[in-house]
Each structure stands twice: as C-alpha cells, then as structure tokens.
Amino acid sequence: MITPRQAFLTLEYDGKDISSDIRKDVENFTYTDSGSDSSDSLSIKVNAMDHKWIDSWMPDKEAVLHPTLCTTNWIAQGDRTVLDCGTLVVDDLSFSACPDVLTIGAVARPNGTSFHEKNREQVWKNTSIKRIAETIAGRYGLECKMDAEDVSVALKEQDDNDSSFLQKICSTYGLILKTYRNKIWIFDREKYKKKDSVATVKPIDIVPGSLSWNTTLAGTYTGGEFTYSNQKKKVNIKVTIGTADRMLKLNQYASSEADAKRQLQAAIDNKNHSATTISFTTMGNLTYCATQCIDVEGYGKIDGKYYMDSVGHTMNKSGGFVTKVSASRVGG
Numbered sequence: 063m064i065t066p067r068q069a070f071l072t073l074e075y076d077g078k079d080i081s082s083d084i085r086k087d088v089e090n091f092t093y094t095d096s097g098s099d100s101s102d103s104l105s106i107k108v109n110a111m112d113h114k115w116i117d118s119w120m121p122d123k124e125a126v127l128h129p130t131l132c133t134t135n136w137i138a139q140g141d142r143t144v145l146d147c148g149t150l151v152v153d154d155l156s157f158s159a160c161p162d163v164l165t166i167g168a169v170a171r172p173n174g175t176s177f178h179e180k181n182r183e184q185v186w187k188n189t190s191i192k193r194i195a196e197t198i199a200g201r202y203g204l205e206c207k208m209d210a211e212d213v214s215v216a217l218k219e220q221d222d223n224d225s226s227f228l229q230k231i232c233s234t235y236g237l238i239l240k241t242y243r244n245k246i247w248i249f250d251r252e253k254y255k256k257k258d259s260v261a262t263v264k265p266i267d268i269v270p271g272s273l274s275w276n277t278t279l280a281g282t283y284t285g286g287e288f289t290y291s292n293q294k295k296k297v298n299i300k301v302t303i304g305t306a307d308r309m310l311k312l313n314q315y316a317s318s319e320a321d322a323k324r325q326l327q328a329a330i331d332n333k334n335h336s337a338t339t340i341s342f343t344t345m346g347n348l349t350y351c352a353t354q355c356i357d358v359e360g361y362g363k364i365d366g367k368y369y370m371d372s373v374g375h376t377m378n379k380s381g382g383f384v385t386k387v388s389a390s391r392v393g394g
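For the sequence shown, my numbering gives the first residue as 63, with consecutive numbering after it.
These are computed hints drawn from the structure, not numbers from a lab. Since we're looking at a predicted model, the values are computed, not measured. Check each hint, because a few of them may be wrong.
The calculated lysine-lysine pairs, modelled on DSSO-like cross-linking and capped at a C-alpha distance of 30 Å, are [claimed, not checked]: (1) LYS207 - LYS192; (2) LYS180 - LYS192; (3) LYS333 - LYS311; (4) LYS255 - LYS245; (5) LYS180 - LYS123; (6) LYS230 - LYS300; (7) LYS255 - LYS192; (8) LYS264 - LYS253; (9) LYS264 - LYS230; (10) LYS218 - LYS123; (11) LYS363 - LYS333; (12) LYS207 - LYS245; (13) LYS207 - LYS264; (14) LYS257 - LYS379; (15) LYS218 - LYS311; (16) LYS86 - LYS379; (17) LYS333 - LYS367; (18) LYS311 - LYS253; (19) LYS367 - LYS379; (20) LYS245 - LYS187; (21) LYS367 - LYS311; (22) LYS386 - LYS363; (23) LYS296 - LYS311; (24) LYS187 - LYS257; (25) LYS187 - LYS123; (26) LYS245 - LYS192; (27) LYS323 - LYS367; (28) LYS86 - LYS192; (29) LYS256 - LYS180; (30) LYS86 - LYS218; (31) LYS86 - LYS230; (32) LYS379 - LYS256; (33) LYS333 - LYS107; (34) LYS245 - LYS264.
Label-pair ranges, simulated between beta-carbon atoms [what the hints assert, rightly or not]: (35) ASN181 - THR289: 45 to 55 Å; (36) LYS86 - SER274: 26 to 36 Å; (37) SER272 - ASP162: 37 to 47 Å; (38) ALA138 - GLY394: 36 to 46 Å; (39) THR134 - ASP365: 50 to 60 Å; (40) LYS78 - THR302: 20 to 30 Å.
Positions of the beta carbon are idealized from the N, C-alpha and C atoms, including for glycine.
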C-alpha cells in the first residue's frame, strides 16, 4: 500500500508545543532562510474568524517561536526529512477583516531590543572582527561562530547599535553576518561560492511560470582604486586592483596597504555579487538551504552555478508545500 506524501508544521510558542491547537486555523506558513545580510524570518497567516486570535490567543510581541518543518514519503516511500528552523522572535502583527486574517511576523535575533536598537558608543582598538563579535555575542548570551579568516582591526569607532555595527564591519571585509539558533555566525560568502553544488536543477524541477532571470552591467565593476591619506600622521595609501573598464573608487580609513586591498576587493565582490540573478519555485524541498550552491541546467546561456541567497519554504492549509529559491550566479 502506498502512503501519500505529507508535509506538516510543528510550532512551539515560548517553549510550549501549540501545533495541534493552531493546525486548523493556519492558512499559510512561510519560513525564509537567508544566506546574505538579512535575518531568517517567518510569516504565519491565520484564519481569525474565531475572535480568540485577536483576543486571548493574539501572540505577544517578543514571544519566541520555534517552528519545525517535516516531510514524509516525499521523494520516496518511507523517507522523512526534518528542518529545524531555530527560534524566531515575534516582531510584527497585522489584522485584516472580511475575511478576518491575522498575520504573524517573526525574525531570528536575540530576544529583547538592545541588540538591534540600543545605540552604543565605543572605540575598538587593536582587536579583530572575531574578538569584536565574541564581545558582542557575550552581551546577549549568544554563541559566536566564525567560518572565515579573521581580520585585524586597528581602530574602529562605534556609534550605532550592536547589530548594525557588526554587520557593517563584516561587510567592509566581505563577510556575512547571520544571527540564528542563539548564535552569531560570520562566514565568507566568496569562500562558500567555491563549494561543490548540492543539486542540479532542471526545467522539469521548476514550477511552470515561476522562473525569473536577470543579468546587468549596472553597478558592477572590473576593478577599483582605494585612497587614504592622513597628513597629520603622514600616511598616504593608494591601492589599485583589476582593470580600468569600470572602476570602483573608495576613500576611507585603512591601517595599511594590505588592509586597503582587502577592503577594496570586498567592496567589488559585494557590488558584483548580484550581477546575474535567478529565482524559481520547486516542489517543496527541505534539503535546500541558503548559502549552498546549485547548478542550473537546461536553459542555455542561463545555465551555470548559482549561490542561494535565500530559500523560502511555504506550506498551506490544503497540504501544498513549495520552495522558492533566489540565487546569484557564481562568477557574475
């Protein structure tokens, strides 16, 4: 006897499993896994005809949600795939009437608002990105993981919240900051682009009408020039890389020529990352994760290796489950 495919959601609210309580009311659930400079997020649309959803059952802002997605018999009889989405904090609630729908939004970040709202003034000297990240993580009881070469920081002034400050300094050196599962994770996107592809996607795998592709020269660069001078300290730094066809020019602080070169290369890589993009929807696939690479085949000059910038998993009340991929071609 063939057992039908199943896709289902389990959800904890502040540590309590509420899956069976909400199952009949959840119309749509989307979890978005981000592989670039944005937080993982979720959106839950609830049938709120029963007014308990705008009364005693309305979630509290700052409540902690812990969703898990699961499929069984999805690709083959007897298979089971589970995706633990980690914890996310409710940060947005909206309601519309006739029909009554409550939409719950949540993002992956530390509970409380200090990490992304409290402004902090601090001067960081003779340190590194890893040590800065570890210090900030410690303020919020988070782990800190870094899958990248550490970068020395001679001098950096902070006048911003911890989240924005750390994201900016990571971006300056071509690193990506992600906060999820109670940890700060910093990784080198260019390094991840060199990893082997985890899957090959062909036209048969893609929902008809869902594919979109674009390539552009606008905002991309073939090389760059970095200049920094401090007459008081008699410092003059000038670094050039690449070719002069389309030059990115930077004029900002650098502690050395090596530091300037790394900042310049990072800026060019960041600008060129989205030169060629693709998005498409497939049958639900919990094995796809942002930061992985895939190969696209069967579309002529569109074919190539792509880095997945975001992966969105959507389940609806009728049992439908799809996965939307947004990706950038490796090599532009």
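Checked hints:
For the hint linking LYS207 to LYS192, the alpha-carbon distance of about 9 Å falls within 30 Å, and the restraint holds. A distance of roughly 21 Å separates the Cα atoms of LYS180 and LYS192; the hinted pair therefore holds under the 30 Å criterion. Taking the CA atoms of LYS333 and LYS311, the gap is about 12 Å. The hint holds against a cut of 30 Å. As the CA atoms of LYS255 and LYS245 are separated by approximately 22 Å, the hinted pair is consistent with the 30 Å bound.
Between LYS180 and LYS123, the direct Cα distance comes to roughly 18 Å. Compliance with the 30 Å bound is thereby established for this hinted pair. Among the hinted pairs, LYS230 with LYS300 is consistent with the structure: their alpha-carbon atoms are about 22 Å apart, no more than 30 Å. For a cut-off of 30 Å, the pair hint linking LYS255 to LYS192 stands: about 21 Å separates their Cα positions. This hinted pair checks out: LYS264 and LYS253 have alpha carbons roughly 25 Å apart, not beyond 30 Å.
Proximity of LYS264 to LYS230 is assessed by CA-CA distance (about 37 Å); at most 30 Å being required, the pair is judged violated. The straight-line distance between the Cα atoms of LYS218 and LYS123 is roughly 34 Å, outside the 30 Å bound, and the hint therefore fails. This hinted pair checks out: LYS363 and LYS333 have alpha carbons roughly 22 Å apart, not beyond 30 Å. Pair hint LYS207 plus LYS245 holds up; C-alpha atoms about 7 Å apart against a cutoff of 30 Å.
For the suggested pair LYS207 and LYS264, the alpha carbons sit about 34 Å apart, so the restraint of at most 30 Å is broken. Among the hinted pairs, LYS257 with LYS379 is inconsistent with the structure: their alpha-carbon atoms are about 36 Å apart, more than 30 Å. Of the pairs offered as hints, the one joining LYS218 and LYS311 holds, with about 21 Å between alpha carbons and a cut-off of 30 Å not exceeded. Between LYS86 and LYS379 the CA atoms are separated by roughly 8 Å; this keeps the pair inside 30 Å, and the hint holds.
Note on LYS333 and LYS367: the hinted pairing holds, with a Cα-Cα distance of about 18 Å set against a maximum of 30 Å. With a C-alpha separation of about 24 Å, the suggested pair LYS311 and LYS253 falls inside the 30 Å cut-off, and the hint holds. For the proposed pair LYS367 and LYS379, the alpha carbon gap of about 34 Å is over 30 Å, so the pair is violated. For the given pair, LYS245 sits about 24 Å from LYS187 by alpha-carbon distance, which is consistent with the 30 Å threshold.
At most 30 Å may separate the alpha-carbon atoms for a hinted pair to count; LYS367 and LYS311 meet this at roughly 29 Å. The suggested pairing of LYS386 with LYS363 holds, with an alpha-carbon distance near 22 Å, which does not exceed 30 Å. Between LYS296 and LYS311, the direct Cα distance comes to roughly 22 Å. Compliance with the 30 Å bound is thereby established for this hinted pair. The hinted pair formed by LYS187 and LYS257 fails the criterion: a straight-line CA distance of about 34 Å is larger than 30 Å.
Of the supplied pair hints, the one linking LYS187 and LYS123 is violated, its CA atoms being roughly 37 Å apart against a limit of 30 Å. The hinted pair formed by LYS245 and LYS192 meets the criterion: a straight-line CA distance of about 13 Å does not exceed 30 Å. About 27 Å separates the Cα atoms of LYS323 and LYS367, which keeps this hinted pair within 30 Å; it holds. A distance of roughly 45 Å separates the Cα atoms of LYS86 and LYS192; the hinted pair therefore is violated under the 30 Å criterion.
Proposed proximity of LYS256 and LYS180 is contradicted: the alpha carbons are some 37 Å apart, above 30 Å. Restraint check for LYS86 and LYS218: not satisfied, since their Cα atoms lie roughly 52 Å apart, outside the 30 Å limit. About 43 Å separates the Cα atoms of LYS86 and LYS230, which puts this hinted pair outside 30 Å; it is violated. Taking the CA atoms of LYS379 and LYS256, the gap is near 39 Å; set against the 30 Å cutoff, the hint is violated.
Our distance criterion of 30 Å between C-alpha atoms is broken by LYS333 and LYS107, whose separation comes to about 35 Å. Proximity of LYS245 to LYS264 is assessed by CA-CA distance (about 35 Å); at most 30 Å being required, the pair is judged violated. The hinted window of 45 to 55 Å between ASN181 and THR289 is violated, with their beta carbons roughly 30 Å apart. For the hinted restraint 26 to 36 Å between LYS86 and SER274, the CB-CB distance of approximately 34 Å keeps it satisfied.
Separated by about 30 Å at the C-beta atoms, SER272 and ASP162 break the suggested range of 37 to 47 Å. At roughly 37 Å, the beta carbons of ALA138 and GLY394 sit within the given window of 36 to 46 Å. Under the hint 50 to 60 Å, the C-beta atoms of THR134 and ASP365, about 33 Å apart, miss the expected range. For LYS78 and THR302, the hinted distance range of 20 to 30 Å is not satisfied, since their beta carbons lie about 59 Å from each other.
This entry does not satisfy hints 9, 10, 13, 14, 19, 24, 25, 28, 29, 30, 31, 32, 33, 34, 35, 37, 39, 40, going by the numbered hints stated previously.
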